[in-house]
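A.B. asks: Chains as they are written, first to last, in the numbering used here: chain A, 715 to 966; chain B, 715 to 966.
Source of the hints: derived by calculation from the structure; they are not laboratory data.
All figures in this text were calculated on a predicted structure; none of them were measured in a lab.
The beta carbon of each residue, even a glycine, is placed where N, CA and C say it ideally should be.
Heads up, some of the hints might be wrong.
Label pairs and their calculated CB-CB ranges [as the list claims (entries may be wrong)]:
#1 N831(A) - I963(B): 49 to 59 Å
#2 K912(A) - E812(B): 22 to 32 Å
#3 T893(B) - S941(A): 46 to 56 Å
2 protein chains.
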Amino acid sequence: MKKKNKKVNAAILIIGNEILSGRTQDKNIAFICNWLNSKCGISVEEVRIIPDIEKTIINNILLLSKKFNYVFTTGGIGPTHDDITAQSISKAFRVKYEFHKEAYKILEKYYGKEKFNDERKKMSKLPRGSKLIYNPSSAAPGFVTKNVLSLPGVPSILNSMIENCKRHLSKGDKTHSKTLNFYTVESNIAKNLGNIQKKYKKFVDIGSYPFFRLGKIGVSIVTRSTSLKKLKSVNIELLKLAKLKKIKIFKI
Amino acid sequence: MKKKNKKVNAAILIIGNEILSGRTQDKNIAFICNWLNSKCGISVEEVRIIPDIEKTIINNILLLSKKFNYVFTTGGIGPTHDDITAQSISKAFRVKYEFHKEAYKILEKYYGKEKFNDERKKMSKLPRGSKLIYNPSSAAPGFVTKNVLSLPGVPSILNSMIENCKRHLSKGDKTHSKTLNFYTVESNIAKNLGNIQKKYKKFVDIGSYPFFRLGKIGVSIVTRSTSLKKLKSVNIELLKLAKLKKIKIFKI
């Protein structure tokens, strides 16, 4: 495989009525996006949040797994009636939904034979052919089915499992990022920024985000690129722009 | 229009590379979901987060505006090169992208004629026929194009504008919600919960979410329904279940 310019992308599919109802503030999206980019060079290019409805899960799994190199699902892998991720993925890929021997053993050991009831056993039923993503917090494993990696919805458990995803992923080029904070308003630099973006169109992505800090208004200019050299050139131009417009910069 | 059983749904389309890169933790999804449900009786049934790419925005606007009663977009309505929501929506609906007279006047008044430069003027270019969503924080209005409501990405500004969306929305039945916190583990009650859910399948949605509080493990059981009566019946059954299994309950 070529080492240069290897783009690997992913989508995240958040399965959970509790996010759509507004009851729970999602914390997994930013965490997974950050981790994938910084540790694996994988860019998340789409996120979807959908309800716990089998048909909706199946449709989204099929669509996203075709469109992106990887799909990460969160939620719906526990023991209750609303946990239907594994069975939905089985249906999506038309493979059997059955006990996974190793997962069964892990959970049996964790709970002890006597307390290993049907609901707990359910957590070891996975799409046939799945590989396990080990769970150091609460035993119940995540799983990889084709290019779909399924993780739990509870952030602390998900966080503890993320490193175990690495072995299932092919690395891409890391996107480097630099932020300059200009003490100005967007409309004062919009034209210049647009021109710089045009010049570096293919290589650097320039984002402009207003902020309010300690009563001051500013703009965070975030530059992102897989090329450190191009990133440096853009930032030199941005510093020149600040000098030209006499804008104070606050680096973080 | 019938008053009873009026279901109104919506999708949210978050437009922003800064969310997908993991740089920014989204705060708008939970806020909009909560507001729509509690103030307008509108359920959010899908959320998508996509990059600032015109073609992607167009495709998603077309698809979601057909599938749901309303679509809320956030982000991409400022003065910089990466703010392309208005022009993308114009293209999606094949309407002209042009100066909106009232928006132009509002912004001209806000900035003053002399400081009203081309970049600021850009914020008054909207899809033809759009209605304004007034912005009490920073003047630049949001806008409604057909069933698509476009808001800014900065949470404090979005929050200040949300009440101004109301006049553009048709109300639905409010979904009521009740939470019981059981000090137990999910697998201890999964079977019973499943049975109760089956019994109330069409009327009440039961969600089960593990929590950790002050070193204790528990399960939040969230019941949601447009019928307060059915919600009450389900919660009576849940309280009976707790009694049967000798589970301590913590109400919030």
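A.B. asks: A separate judgement is required for each hint: does it hold in the structure or not?
C.D. replies: Going through the hints against the structure:
At roughly 22 Å, the beta-carbon separation of N831(A) and I963(B) lies outside the given 49 to 59 Å, and the hint is violated. For K912(A) paired with E812(B), a C-beta distance near 23 Å keeps the hint of 22 to 32 Å intact. Evaluation of the 46 to 56 Å hint for T893(B) and S941(A) yields a pass: the beta carbon distance comes to about 49 Å.
Hint 1 from the earlier list is the only one contradicted by this structure; the remaining hints agree with it.
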